[in-house]
Structures are given as structure tokens and as C-alpha cells.
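Chains as they are written, first to last, in the numbering used here: chain A, 1 to 156; chain B, 1 to 307.
These are computed hints drawn from the structure, not numbers from a lab. By construction, the Cβ of each residue, glycine as well, lies at the ideal position given by its N, Cα and C atoms. The reader is advised that the hints may include incorrect statements.
Residues from chain A that face chain B, not an exhaustive set, calculated with beta carbons under 7 Å [claimed, not checked]:
1) 33
2) 43
3) 85
4) 96
5) 126
List of simulated lysine-lysine pairs, DSSO-like, C-alpha gap at most 30 Å [claimed, not checked]:
6) A:19 <-> B:184
7) B:37 <-> A:75
8) A:75 <-> B:32
Part of the chain A face toward chain B, derived, beta carbon under 8 Å [claimed, not checked]:
9) 78
10) 86
11) 88
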Amino acid sequence: MTKQSADIESILERLDEIKAMPKPEHTREARALSVEQLSHAEAILQAWVLAHDGVPTNERKEGFRLLALHRQGAKGIPSFNACRESCREIVFQHNVVAASDQEAEQESALRLMTMVVRHLALFVSGKLQVAGLGEFCCASKPLRQSSEIISAPQNL
Amino acid sequence: MSGKYKEVAYYPGCALEGTAQSYDRSTKALGKALGLKTVELDNWNCCGAMEVKNIDPKIQTYLSARNLSIAEDMGFDTVMAPCNGCYHNLKKAEYDLENDTSSKEVNERLSSKAGHKTYEPGKVETIHALDWIKQSVGEEGLKEKVKNSLEGLKIANYYGCMYTRPRHIFPEKDKGEGSESTLKPHFMDDLLEAAGAENVEYPLKTACCGGAHALSDSDTSTRLVLNLIETAEACGADVIATECPTCHTGLEMHQIRAEKVLGRKTNVKILYFTQLLGLAMGLSPKAVGVHENFSDAMPLLKEKGLA
């Protein structure tokens, strides 16, 4: 497991903790948890950029570093756009939590945000899982292809 | 009914002849119930899918262009592809032939070698099954034909990744009112709502299902699908409606695998939107191929008075 995917595993554990929080605590801490989840989403994309020998940007796009990181991560890797809408959804739910004064609405948006950040984590960790995996979408090499070739009978 | 797309060339593609027979069956049955006509392309070939595209995208362009050429020869100006992969590839071929000289040259050379007319971009429009119903019948037309309302059924609409990506091959989308959105697609939502269903807010409409990793890395696919399903359940959905055979199969198979491998049981049912609309039109579950799905929706459909 690479360092980046280990980092994402710890984020996934934290997301599980947030998901399991009792409703009163979840509601009370909605704004703080939303900010925290946004930073987790940034950390996930940062891991992706670092794994590709990039320097994660500190710029913002439409006011959000997450969207700038996504643009950076997708440069030259079109399949990474498969998580573009997830990033935008995270920003959207974050904005709902920040803007709403209705507890139920905040709580609901926060829960949806947790699931989307989780999906982003799973998607990116899947892509990072094995070095040399190739294009994730529709062009992935079999994960254990090289070992299978090595172990194939010599007379074949 | 607008009359637009009332009769279209039908390109089922490989999936609808194999793992997604229920999508093929329900698409045809729904069309018939709505008074729409589909004529299957003669001697169609693979759209180039993923495999050919990864080896040589220009050959994929040719393969898709050949299907468009067949539609033109049959006298059609519209071809309807229910499979997201086929839909995507035909749209991509159209774009590449318009914008990439090299793709155009390869298409001309291979068409000539194969002995058929070279497809010229702009002659045939490719549409998805969602466009077909939405533009030909529309919500109001559907409401008039509903015999068995989907009322009481809570649905998470899942569009998958290829219906809207990449945005540049879908110039008709994101054009404001009446057009499809690439950020938050809504055509399936609109149609199912017209049939009486209650759509839940689902934040992963276009998120990845791991379809490309279904065989090479099943664990990744299972975890992605489980999150899609658990999110749908958290949003209150009884059903995930699909419009892509790869997504549909992935959701069904990894729902089963998630229970076996991860011990995570989920109950949401997976149905094609054409099956749901067909049921709303009064067709029987068998007529729309519910029995051909892995996801056993019959108890739910009976409970909701749809079977």
C-alpha cells in the first residue's frame, strides 16, 4: 500500500466515525464537520497529485481549492474527470450546510456530503491502489497481470 | 406527442443482446406501448466499446461510423442507442469525424476497403433512450398514458459516467431549459416523476460504479457500488433506476458480492428506467423482463401494487 492510499484509508475511517455520530452531535457540529470534510476531500485529491509527482496547488477555482485540485489532477488524465461532478457535489453540499439556518437541512446535506467524500476516497484510492494500473476507466490492465505472466509455464 | 423521434433506427449493441436482455425487452415493449417505432439496424457491428478504443481509438471511430452509415442507408436520420457505452461511442465518432482529420482519413480508408459508403458527420443524429422518450412523448404524454402509477415508489436515479462525459461530444446538452444537464442530469427523473414516482435527492447520479474494474479489481468495484447503494438507501430510495447496462449489471452483481465478501446486506432494488416506465404503462413484470434481472424486485413491486 502506498503512503497516499494509506492516508486515504485513514480518511475513510474518519468518515465512518462522522457517519456513525448520533444525530444531535451531528446536527450541532454540522458546520465544523462540513469544513472538516471539505479538507478531507482536498487531502484525497492532494494524494492523487502527489502520487503523480505534482505539487498540489493552493489556488482556488470558483472559490474552492478542491475544484482547483481536481482541475490539476485531471490535466492529461481525462478519466479523472469521472470524479469532477463528485467534487462539485461536495462543494454544493458544503454550501448548503454553510448557508442554511435549518438544522434538518444542514444535517441532511452533511450526511450526503459524507457519502460523496467517501465515494471520492474510494474512487481515488482505487486508482492509486496499484502502481502502473493504467487508465482506470475502460482501459485498466488486470491488476496481477505481471505476476501471472511471470508464473506462466515456460513452454507456452 | 411531438412526432420527433417517433420512428428511429435502433442500435441495441452487444450488451442488450447478452447480459442486458431485460433492457432490450423493456425498451422495445415500452416503445410499443407508447406508439413509437424502432427498426433495428441491419447487420450492425460492435461500437468499438472499450476494448477496441483502448487499442486504437480511430478503429473504434470507424466501427461506430459504420453503424451510422447503415442507419443512413436504411433511410434514417436518427439512431437510438439505449446503452451508455454505445451512445457515447457513436457521439464520439460523430465528433471525431467532424474535428479530427486523421480519424476522417481512417474512416474513409476502412469504409472503402470494407466496400460500404463512408459516413459523413452530420447525417445521422445519435440519441439515448432517455432522449427518445423525453422528446417524442414527453412528461405530459406519459402522464396521459399511465395506467399503473408509480406512486409510493421512491427512486434514486443513477446515470453513470458515460451519459454525460466528456462534455464536448454532447453539444446539445447544457443548453438551458429543456436540455439535459451534464452536472445534474434529470431526464430520467423527469420521466419517472411523470409516471408517479417520487425521486429522492441522490448526490451520486454520475459517480463511477467501477465498471471498468469489474473483473480486474472486483474489490474496488464492490466498494464503489456498495457506496452507491448505501447512499441510495440513506436517501430513502426503494429502487435505483438505471439507464446503462454496464452500471446495471455492476450494481446487481456487486450488491450480491458486497453481502458475500463484506457482509454488508442492502435491500434497494435495481431496475432499468424502461422497466419502471413499462410497468407504469400497465405492462406486466414479465413483459418488461423483471424476471431476467438478478435483483429480485418482485416482492417490492407486489407491495407497491405494480405486479
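Is the Cα-Cα distance between residue 37 (chain B) and residue 75 (chain A) 30 Å or less? Answer violated: residue 37 (chain B) to residue 75 (chain A) is near 43 Å, above 30 Å.
Given hint residue 85 (chain A) near chain B, where the shortest CB pair must fall under 7 Å: holds, 5 Å
Is the shortest C-beta separation between residue 78 (chain A) and chain B less than 8 Å? holds, 7 Å
Compare the distance between the alpha carbons of residue 19 (chain A) and residue 184 (chain B) with 30 Å, and conclude whether the hinted pair is satisfied. holds, 24 Å
Does residue 43 (chain A) pass the interface check with chain B, least Cβ-Cβ distance below 7 Å? Violated: closest Cβ of chain B sits about 18 Å from residue 43 (chain A), beyond 7 Å.
Less than 7 Å between beta-carbons is the criterion; does residue 96 (chain A) satisfy it with respect to chain B? violated, 10 Å
Let me know if the C-beta of residue 88 (chain A) comes in closer than 8 Å to any C-beta of chain B, holds or violated. OK, holds: residue 88 (chain A) within 8 Å of chain B, min 6 Å.
Hint check: is the beta carbon of residue 33 (chain A) less than 7 Å from a beta carbon of chain B? Since chain B brings no Cβ nearer than about 16 Å to residue 33 (chain A), farther than 7 Å, the hint is violated.
Residue 86 (chain A) was flagged as interface toward chain B. Is the shortest Cβ-Cβ separation under 8 Å? holds, 5 Å
Can the hint on residue 126 (chain A) be confirmed by a CB-to-CB distance to chain B that is less than 7 Å? At about 4 Å, which falls below the 7 Å cut-off, the nearest Cβ of chain B leaves the hint on residue 126 (chain A) intact, so it holds.
Is the Cα-Cα distance between residue 75 (chain A) and residue 32 (chain B) 30 Å or less? Violated, at about 45 Å.
Going through the hint list in order, the structure does not satisfy hints 1, 2, 4, 7, 8.
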